[in-house]
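Colleague: If you want the building blocks of each chain, they are given just below.
2 protein chains.
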Amino acid sequence: MNKIAPTILQGTRDFLPIDMAKRNLVMNKIKKVFEKFGYDPIETPVICPAETILGKYGDEGERLTYNFETSGGRKIALPFDLTVPFARYVAANYRDLPIPFKRYQIQRVWRAERPQKGRLREFYQCDIDIIGTKNLVSESEIARIIVKVFKELGFKDFVIKFNSRRLINEILRSLGIAEEKFIDVIRVVDKLDKIDKENVIEEIKKLGFDNAEDIFDAVLPAESIEKTLEKFSKYDLKEIKEFIKNCEDLGVPKKYLEFDTSLARGLDYYTGLIFEVIGKGTSLGTLCAGGRYDNLCSLFCNEDFSGVGVSFGFERIMLVLEQMGSFENVKLNSKVLITIFDENSVASSLKTYSELIDAGINCEIYFQPDKLKKQFQFADKKRIPFVIIRGPDEMKDETVTIKLMESGKQKTIPSKQLTSYLTEYYETEK
Amino acid sequence: MNKIAPTILQGTRDFLPIDMAKRNLVMNKIKKVFEKFGYDPIETPVICPAETILGKYGDEGERLTYNFETSGGRKIALPFDLTVPFARYVAANYRDLPIPFKRYQIQRVWRAERPQKGRLREFYQCDIDIIGTKNLVSESEIARIIVKVFKELGFKDFVIKFNSRRLINEILRSLGIAEEKFIDVIRVVDKLDKIDKENVIEEIKKLGFDNAEDIFDAVLPAESIEKTLEKFSKYDLKEIKEFIKNCEDLGVPKKYLEFDTSLARGLDYYTGLIFEVIGKGTSLGTLCAGGRYDNLCSLFCNEDFSGVGVSFGFERIMLVLEQMGSFENVKLNSKVLITIFDENSVASSLKTYSELIDAGINCEIYFQPDKLKKQFQFADKKRIPFVIIRGPDEMKDETVTIKLMESGKQKTIPSKQLTSYLTEYYETEK
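Those protein sequences? They're chains F and S, same order as listed. Numbering-wise, the first sequence is residues 1 to 430 according to my numbering. Numbering-wise, the second sequence is residues 1 to 430 according to my numbering.
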């Protein structure tokens, strides 16, 4: 029979147990922080009516999104982010939701891009949002959560850049730039973390501004929050100042905050404060980003929900943590392998297995009698620290031999003591 | 502007926070049991090359599966179960896997059916499999896991029906039924839990057998495992007996096992022992099913992987647990709401929030000053047990008022004692 190649699409991934162990470690830490701040998870469908996903994105959206027609003629699309499904979700369910509503959502999204190096077509996004309040308490909570997440994940050096969309607009207006040009200028200024000063100025010139250097200088921050506040004191800094004050009251250490007046976040979507988290010393740049938006659900209903939210770049965070060596000690679930010496010891090994399970120890049995060497190799491959041997001698003496895989040492103890030996070990380990 | 209806496809679902709380409760209990037995999770892609999903299913598969062509001409399909993706995964990755390999997998799958009442087009499946060993230790482990899962979930009355495909075939052969008719007869016999004896016999007759009653009597079990073993003693019962012995050694209580010689599991896929878990006293029948198969990966490679696995009917289990009232006390994440009395108390409330977060208490702040009544209603809607009030009096006296939402009682304590008050409460609760 001809075989089908067991391939997957480029930009999608099979996750091996060790990959999952790493991913779940990180995901659980992130979830735990969200839950600490009272966020609850939600989930939205994967297969969606195409119009609810493509809504405002037109042709380009259609090209970049997985979408198709069913045999029944229904056009379906897969989400390309979690914001659009969340907007639809709120419009459909707001009557049943506590408002202000905050949720976290960790799900896959899909992009029908031609996958370049490292570009994924299927990946996880990890979003938090607070909707239904314009109060800047929300923004400071987001900052506090960001700090806690990255600290829990073991990041030492990171910074939350923040700015206000309103402030940028005010600055550009004061420079005499026409409103309809704002977004173009913002897009160029936003490149400052990727290209250098000269090139940014060059690109501003290309937009038709002779005073490109003035524009550039006018948006650049000073070297500290205080000095930047001073430099821009002729503008309305009320929301910036309130945000900083809230952060202080909520215990966000100042060292993590950077008031970057050149920060713009490309999309025209944001209307208030914007955020970008940079992992210093990593090559991967932005690890989390977001901001305040108005009218989340305007595509779907007339209710006016202002909100603020950020998206954690889960896949990127995984790459950085891998580079940082954070996963070196990651283990799989099983802590003990019970070997089966020969046909005559199956019953005895099964009984040992049952005892350890009852004692609450994560363990497993090698499913068939085999050479011990092969069973040890299996334990090695699964990174299992303890291997239990119950051969004819042990059965006769009512003992059990424990092999510590790391050191290769073996010790034989009375069978009765096995459970407490292992339980103690795990209590010590914690 | 015209609004887009915020609808979802029939047979898909939005999960509200309370739905998620219930689902995660159940999912986490199930995962924990799997992990106890040394199972590790894996994940496979959602968008797949169509041929890897549709492989052997031909036109019917194509009709019942979500599949489509990209603009680049690649045919893509979404998984309709987790077995086919797992087979593909093993064929692609077996060199990197510890063999015998066991994994659990909990992911969404899709069925392009016309959704009837309660039929879902998008739902979670929850599978465990052990591959790479033919030893019946595996089957007994599956039985032990099933018992532990259902006990952990609070099921009191359930039974694991088991049988052997080999035994059924032997019985049918001994009745003079032609091999090519086996699957038809098995399909009819399998209906015994849905239609009554007379109708089953009638249907067997329709297949062209005059001795329908004999066939029926010949496959029916006796009233206990021992008596059934006796009734079928002329057949080869070696694997059944070994399975029962292993279950005994592994601590599977006998009361959960039922040797049902009429159990067939419709598909021709299984080759050895088969299982079906019935929740007694529920109207929903089979809650988990599976069995031994050969050549898992035959579609994809020449390696011969025998395996055994079961699929837990997650969505069905959720329905039964809901009927059983298991979710009455399910709470959301947040345990404490910190109110904001007025503009002047924002800073004070933020500081309290920060303290509680640092103390590790799941809590949240109401994002803006508002009428206390409205803030209480919010707490009610989120099922938050404690509400903290810090108004002008409390701020002056350095106290804090705690409202216990369930009883409606309020008490005022010194601010300093708040953290330990709440911490103690949660320690008592555990």
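Rather than coming from a laboratory, the hints here were simulated on the basis of the structure. For glycine and all other residues, C-beta sits at the position ideal for the given N, C-alpha and C. A hint or two may mislead.
[Unchecked claim] Output of the computed footprint for chain F on chain S, the stretches with three or more beta carbons under 8 Å from beta carbons of chain F: (1) 59–69; (2) 212–221; (3) 305–316; (4) 326–334.
[Stated by the list, open to error] Far from chain S, some chain F residues (derived; all Cβ distances over 10 Å): (5) I4; (6) T7; (7) G55; (8) S224; (9) D236; (10) K241; (11) A347; (12) K416; (13) S420.
Colleague: Which constraints among the numbered hints does this structure fail? Numbers only, ascending.
Modeller: Violated: hints 2, 3, 5, 6, 7 and 11.
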